[in-house]
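Residue numbers for the sequence shown follow this note's numbering, so the first one is 2 and each next one is one higher.
Errors might be hidden in some of the hints.
[Said to hold, decoys possible] Listed next, with one range per pair, are the computed distances between beta-carbon atoms:
{"no.": "1", "residue 1": "Lys-132", "residue 2": "Gly-206", "range": "16 to 26 Å"}
{"no.": "2", "residue 1": "Pro-255", "residue 2": "Gln-96", "range": "42 to 52 Å"}
{"no.": "3", "residue 1": "Pro-91", "residue 2": "Ala-192", "range": "38 to 48 Å"}
{"no.": "4", "residue 1": "Asp-230", "residue 2": "Asp-156", "range": "27 to 37 Å"}
{"no.": "5", "residue 1": "Gly-206", "residue 2": "Glu-141", "range": "26 to 36 Å"}
{"no.": "6", "residue 1": "Arg-234", "residue 2": "Pro-255", "range": "26 to 36 Å"}
{"no.": "7", "residue 1": "Gly-121", "residue 2": "Lys-211", "range": "26 to 36 Å"}
{"no.": "8", "residue 1": "Asp-136", "residue 2": "Ala-100", "range": "42 to 52 Å"}
{"no.": "9", "residue 1": "Gly-189", "residue 2": "Glu-264", "range": "18 to 28 Å"}
{"no.": "10", "residue 1": "Pro-91", "residue 2": "Ala-210", "range": "40 to 50 Å"}
[As the list claims (entries may be wrong)] Derived lysine-lysine pairs resembling DSS-like cross-links, with alpha carbons at most 25 Å apart:
{"no.": "11", "residue 1": "Lys-143", "residue 2": "Lys-124"}
{"no.": "12", "residue 1": "Lys-132", "residue 2": "Lys-211"}
{"no.": "13", "residue 1": "Lys-143", "residue 2": "Lys-211"}
{"no.": "14", "residue 1": "Lys-132", "residue 2": "Lys-268"}
{"no.": "15", "residue 1": "Lys-173", "residue 2": "Lys-211"}
{"no.": "16", "residue 1": "Lys-124", "residue 2": "Lys-248"}
{"no.": "17", "residue 1": "Lys-268", "residue 2": "Lys-105"}
{"no.": "18", "residue 1": "Lys-132", "residue 2": "Lys-105"}
{"no.": "19", "residue 1": "Lys-173", "residue 2": "Lys-143"}
{"no.": "20", "residue 1": "Lys-268", "residue 2": "Lys-143"}
{"no.": "21", "residue 1": "Lys-143", "residue 2": "Lys-105"}
{"no.": "22", "residue 1": "Lys-217", "residue 2": "Lys-173"}
These aren't lab readings, by the way, just hints derived from the structure by calculation.
Note that the Cβ used here is the ideal one computed from N, Cα and C, for glycine as well.
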Amino acid sequence: MIQENEPVHDERPTRTGFSTIGTLLLGMIIGGALVAGLGNFTAPRAEPVSAEALRQAAFEGAQAGALTAVREMPAPAVPPAAAVGPTAEPVFEVQHRAANSQGKADAPIVIVEYSDFECGYCKRFYDTTLKQIIDTYVAEGKVQLSYKHFPFLADSSLPKAVAAECAAEQGKFWQMHNALFSGRIPAGTDAAIAAAATQITGELGMDAAKFAACLKDDAVRARVLADADEGQRVGVRGTPSFLVNGKLLVGAQPFAAFRLAIEQALKN
């Protein structure tokens with residue numbers, strides 16, 4: 002399994018009360034260490050550390066602390082295939098929705114992405130790697146891409162995920178996905194996000210009234226949260242994370258890492 006030290010956002014269910022004062026203090030300690038020693042995530046040591054960088058590092062440390070101190074992950078939703086040999090990697094089988102997928106349904110490789118529309122590293126993947134995968138492998142019929150939600154980074158993560166699902170109800174998931182990652186629907190309250198998303202339904206060829214009704218549908222919200230629950234059960238700890246034919250690949254990896262994972266899977 003390819004796991005270079007690429008950035009990944011640790012996630013926590015902010016709406017379910019996992020954060021505690023103790024976790025925050027632990028996060029500040031971890032965050033301080035990140036600022037002091039990890040050049041991959043902060044400015045070089047020679048540069049002054051800003052208060053904002055310290056706050057961000059403390060926040061990310063709090064997320065890591067919450068995961069370590071609180072979350073006990075259950076067994077995978079679907080047991081992995083039987084391992085062969087002492088170093089074999091687990092392979093997870095998950096279902097995916099056609100409305101959230103692109104590429105041939107019978108493509109030999111399926112990449113399932115667990116992502117958050119408020120995740121900066123997910124946007125990095127969108128900006129730098131996604132199109133290369135589409136042009137190189139999806140267009141050639143070798144890969145099918147499927148998107149699933151892991152919306153716990155910010156309060157606005159969940160309503161944005163719901164907006165994407167409501168677009169999927171009208172066959173416009175990827176158009177809304179692109180609008181969200183391109184910044185056309187900024188962070189804000191649930192109502193503000195709903196208004197901004199509804200405003201662009203016309204240019205996307207959608208029925209605005211049906212879209213607005215869908216945003217209030219509890220079943221759609223439950224579908225989004227089911228994606229996140231599934232992600233936790235197969236080992237997702239942050240975004241973006243991917244299953245490449247069932248094998249976990251973590252972080253905003255460069256295209257070269259996906260190429261290697263895909264080519265290896267094609268040989269199997």
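Here is how each hint holds up against the structure:
Checked against the hint of 16 to 26 Å, the pair Lys-132 and Gly-206 passes, with Cβ atoms roughly 22 Å apart. Look at Pro-255 against Gln-96: about 29 Å separates their beta carbons, and that is not inside 42 to 52 Å. Separated by about 42 Å at the C-beta atoms, Pro-91 and Ala-192 satisfy the suggested range of 38 to 48 Å. Between Asp-230 and Asp-156 the beta carbon distance is about 19 Å. The supplied range of 27 to 37 Å is therefore violated.
The hint said 26 to 36 Å for the Cβ distance between Gly-206 and Glu-141, and at roughly 27 Å that hint holds. At about 28 Å, the beta-carbon gap between Arg-234 and Pro-255 stays in the expected band of 26 to 36 Å. For the pair Gly-121 and Lys-211, the supplied restraint of 26 to 36 Å holds, since their beta-carbon distance comes to about 32 Å. About 22 Å separates the C-beta atoms of Asp-136 and Ala-100, a value inconsistent with the hinted range of 42 to 52 Å.
The given range of 18 to 28 Å is broken by Gly-189 and Glu-264, whose C-beta atoms sit roughly 42 Å from each other. At roughly 45 Å, the beta-carbon separation of Pro-91 and Ala-210 lies within the given 40 to 50 Å, and the hint holds. Of the pairs offered as hints, the one joining Lys-143 and Lys-124 holds, with about 24 Å between alpha carbons and a cut-off of 25 Å not exceeded. Between Lys-132 and Lys-211 the alpha-carbon distance is near 30 Å, which puts this suggested pair outside the 25 Å criterion.
At roughly 35 Å between alpha-carbon atoms, Lys-143 and Lys-211 are farther apart than 25 Å, so this suggested pair is violated. With a CA separation close to 23 Å, the supplied pair Lys-132 and Lys-268 stays within the 25 Å bound. The hinted pair formed by Lys-173 and Lys-211 meets the criterion: a straight-line CA distance of about 13 Å does not exceed 25 Å. Only pairs whose Cα atoms come within 25 Å are accepted, and Lys-124 paired with Lys-248 is accepted, the gap being roughly 22 Å.
Note on Lys-268 and Lys-105: the hinted pairing holds, with a Cα-Cα distance of about 19 Å set against a maximum of 25 Å. Using a Cα cut-off of 25 Å, the hinted pair Lys-132 and Lys-105 holds, with the two alpha carbons roughly 16 Å apart. For the hint pairing Lys-173 with Lys-143, the CA-to-CA distance comes to about 23 Å; that is within 25 Å, so the pair holds. For the given pair, Lys-268 sits about 12 Å from Lys-143 by alpha-carbon distance, which is consistent with the 25 Å threshold.
For a cut-off of 25 Å, the pair hint linking Lys-143 to Lys-105 stands: about 8 Å separates their Cα positions. Distance check on the hinted pair: Lys-217 and Lys-173 sit about 18 Å apart at the alpha-carbon level, within 25 Å; holds.
In this structure, the hints that do not hold are numbers 2, 4, 8, 9, 12, 13, in rising order.
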